[in-house]
Amino acid sequence: MKANFRITHFLFCLTFLSVFLAGCDKNNLLPVDDYYRFDKLNRLQMSKLNEVNYFLGFDTQAIPLSAVAYQLGGTQVKTPNQTISYYANGEKLAGESFLPTQAGTFNLIGKLADAVSDTVKVNVWDPATLSIVITAVDSDSEILSNGTDSVEFGIELRHGDDVIEGDFPIVLFVNEVQTGSIFTTRTPGNYTFVAKGFGLTSNAITIKSVTLPTYPLVRMPVIFHEVNRTTLTAAKIKELTDGMTKAYRNTLNNANAVKDANSADIFIEFYPMTTGPDGTQLATPGLERVTSTNVNFTQEETFSDAFNHFWNPDQVINVWVYPNIQGGYANSSWAYYPYVTVPLVGVGSATKGEQPFLPFGIFLNANHLVDQNTDEILAHEAGHMLGLAHVFDGDGSEFNNCSTEDPDYCSDTPYYDRNAYGRNMPSVYAQRFNRSACNGGQYVATNFMDYYYCYSNSFTVQQSRRVRHSINYALWLPTAFNGFQSGRRSSTLSLVEKPANLKYIKPVVCKMP
Amino acid sequence: MLLLFYLSSSAQTFVSDSSSSKAGKYLKENLAFKVGGAVSSFAHNGGIEAPVPGSKSLISWHAGLVMDMFRKKHYQTRVELSYITKGARETFGNDRIEIESVNKLQYIQLSILPLILKTNLGKVSPYIGLGGYYAQRVGIKSKWKPGAEWEDDAIAAGNLDKKNDVGYSVSVGVYVRKKSFAELRYDGGLNAVSSTSNIKNRTLTLSIAL
Ligand SMILES: [Zn+2]
Chain A
-18 MKANFRITHF
-8 LFCLTFLSVF
2 LAGCDKNNLL
12 PVDDYYRFDK
22 LNRLQMSKLN
32 EVNYFLGFDT
42 QAIPLSAVAY
52 QLGGTQVKTP
62 NQTISYYANG
72 EKLAGESFLP
82 TQAGTFNLIG
92 KLADAVSDTV
102 KVNVWDPATL
112 SIVITAVDSD
122 SEILSNGTDS
132 VEFGIELRHG
142 DDVIEGDFPI
152 VLFVNEVQTG
162 SIFTTRTPGN
172 YTFVAKGFGL
182 TSNAITIKSV
192 TLPTYPLVRM
202 PVIFHEVNRT
212 TLTAAKIKEL
222 TDGMTKAYRN
232 TLNNANAVKD
242 ANSADIFIEF
252 YPMTTGPDGT
262 QLATPGLERV
272 TSTNVNFTQE
282 ETFSDAFNHF
292 WNPDQVINVW
302 VYPNIQGGYA
312 NSSWAYYPYV
322 TVPLVGVGSA
332 TKGEQPFLPF
342 GIFLNANHLV
352 DQNTDEILAH
362 EAGHMLGLAH
372 VFDGDGSEFN
382 NCSTEDPDYC
392 SDTPYYDRNA
402 YGRNMPSVYA
412 QRFNRSACNG
422 GQYVATNFMD
432 YYYCYSNSFT
442 VQQSRRVRHS
452 INYALWLPTA
462 FNGFQSGRRS
472 STLSLVEKPA
482 NLKYIKPVVC
492 KMP
Chain B
3 MLLLFYLSSS
13 AQTFVSDSSS
23 SKAGKYLKEN
33 LAFKVGGAVS
43 SFAHNGGIEA
53 PVPGSKSLIS
63 WHAGLVMDMF
73 RKKHYQTRVE
83 LSYITKGARE
93 TFGNDRIEIE
103 SVNKLQYIQL
113 SILPLILKTN
123 LGKVSPYIGL
133 GGYYAQRVGI
143 KSKWKPGAEW
153 EDDAIAAGNL
163 DKKNDVGYSV
173 SVGVYVRKKS
183 FAELRYDGGL
193 NAVSSTSNIK
203 NRTLTLSIAL
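Sequence order for the protein chains is A and B.
Those letters in the first sequence? Residues -18 to 494, by this note's numbering.
Those letters in the second sequence? Residues 3 to 212, by this note's numbering.
Isolated chain A (complex conformation):
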């Protein structure tokens, strides 16, 4: 009995102990960072957010945060998002999200066990501190009302001078109506653009849409001085002047390629000169065959030699055709810019009545009569004579990189880095006609004032304005400004005498392939 009592006593004590200990069976929650499952975490990768920028008063929803955990060796370690503690600028967040409630830059990170994530940066902006700025890309505040000429708007959200990158709900309006960033129209008039968003309104830009300009028709005779060669014929000369006419009437398109949206008729026509300085009919219209004691010519030699056969430029356009050009110009034709009595940016000024101090005209390399679109070359060189520069920065002797100033003063002709183009010449032939504009866009080369490879088929509206300025104010052209009357036979056609103190002047050089 005594023994049984002792056993009972012992078992009672065991039971008592168990119940006593069970009393401690509370919910003993261990910190999740101590969970040995996460012992080998070595990387926590924050998930990218859709947006970097948030706006007070507009982004009122909490931004969900998440991260992916990896352990040594790169294995992903599954873990519920709630196990990760998130921090904004070092301050612990209540859950797995970040609610933008004050402006600033916030560095968001996650932590789990010993792993600290990479940082995701978000900006929270107070719209009251921001501004919207619109810019018109490559436009001189004027477009053609032809439905194809366009102006493109850049829209920037700024904080001070800093541009905030991203896609934002900012809408462009034209005359109070919502529009896209590229604008075309067939209706002439003034169009005022503003952008609106975040309760802000941008600066306003007004674009004028105009119909294509028209001008009185100008017809100019051309004389080819063919030096030491007899290849030109009446038919060939007619073909060349017809080609020049087509170029300036906006109809030359040897490659049948798409023309520039701004292509314009300049209303100038060319025809072979019919009479010579002595007043007699030329045996071959537009042609004077001349000989020179030289067989080969440097470019400098032609400068002086041309004065031996320089017909009065107030009456005719002189085209000297030289063979055997030596040196760096062996594959080049060239011409001179005009001199104007009313200033035109990019060309020289002179006084009315001044005599030519240079052989003002076109120097056609005889090589360019063969295997070339000679009409395009002559249209290009005539463009120089009429005040047009190359669309890129440079000429046959020097190419420059992207300049800050538009090299041809025509904002409707995009320009590009001719050096880079030459370095990265595509092997696919058709791609050689593509250009990367200095303003970042891509386009197809169509302008007569570009170089190979180019579908030379377009002069633009702004180029037409420069040319017509030269028609109105340039010396040494067969224009009304210089007393020339188209179609009327002149009784005063004379030769230009070589100035006694002739000084060499470098032309604008145009190298062909």
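Hint data in this document are derived by calculation from the structure and do not stem from the laboratory.
If you're wondering where the values come from, they're calculated on a predicted model, not measured in any experiment.
Where a beta carbon is used, it is the ideal one built from N, C-alpha and C, also for glycine.
Keep in mind that a hint or two might mislead.
Okay, the calculated bits of chain A under chain B, using three or more residues with CB under 8 Å as the criterion [to be verified]:
{"id": "1", "segment": "10 to 23"}
{"id": "2", "segment": "46 to 59"}
{"id": "3", "segment": "64 to 78"}
Dumping the calculated PhoX-like pairs for lysine-lysine here, alpha-carbon to alpha-carbon at most 20 Å [as the list claims (entries may be wrong)]:
{"id": "4", "chain 1": "B", "residue 1": "Lys145", "chain 2": "A", "residue 2": "Lys59"}
{"id": "5", "chain 1": "A", "residue 1": "Lys21", "chain 2": "B", "residue 2": "Lys164"}
{"id": "6", "chain 1": "A", "residue 1": "Lys479", "chain 2": "A", "residue 2": "Lys333"}
We have chain A; now place chain B with the ligand onto it with these hints.
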């Protein structure tokens, strides 16, 4: 502690025990089969806190053979070889989530316990013992409950990478007719079960031997 105090205060006199000279008779008298329940947990900071029976502890069973040797009136040495499941049922979390985790570590365990007996109570002899054990792990099963469902947890199992366990044992019990006994024992691991976390086995067993 209460129980230990009780046992030590009630230990008064001891009776001697005589062993048989024949091996068969020796085994018959000294070899017993032991079975019982176990409550296990992990100590996270090397403390000696005992596992607590209840829903938040890992409850399992154990079984093995017990040999009593070097029997003296008040002293003897017990050698045991048993299969035992240790481990823990734990809840990790923060103010946003609670994750349950269950890790069952199965061992073959060799224990040696010198005992002090109180033998003047007739058929029953209470005892206390203090010894050590070496356990070799033979299996592990890990699972966790990151959401609504339990999932196998190979990552936790991989992090509990120490295959052996060495520790001390504290035991109280009572012999009935010299061979059968009932016992409550605490096993405390001395080395961590993981090379990356300082967590150690703590096991409370309640056994009977026949
Ligand atoms: Zn040129």
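**Asked** Taken at face value, is the distance from the CA of Lys59 of chain A to the CA of Lys145 of chain B at most 20 Å?
**Response** holds (13 Å)
**Asked** Can the segment 10 to 23 of chain A be counted as covered by chain B under the rule of three residues or more with Cβ-Cβ separation shorter than 8 Å?
**Response** Coverage by chain B holds for the segment 10 to 23 of chain A (10 residues, Cβ < 8 Å).
**Request:** State whether the coverage of the segment 64 to 78 of chain A by chain B holds or is violated, taking the criterion as 3 or more residues with Cβ-Cβ distances under 8 Å.
**Result:** The restraint on the segment 64 to 78 of chain A holds, since 4 of its residues have a Cβ under 8 Å from chain B and three suffice.
**Request:** Assess, step by step, whether the Cα of Lys21 of chain A is no farther than 20 Å from the Cα of Lys164 of chain B, and give holds or violated.
**Result:** holds (15 Å)
**Prompt:** Checking C-beta pairs, does the segment 46 to 59 of chain A have three or more residues closer than 8 Å to chain B?
**Reply:** holds (count 3)
**Message:** Can you confirm whether the C-alpha distance between Lys479 of chain A and Lys333 of chain A stays at or below 20 Å?
**Reply:** Holds, at roughly 19 Å.
When the structure is compared with the earlier hints, no violation turns up for any of them.
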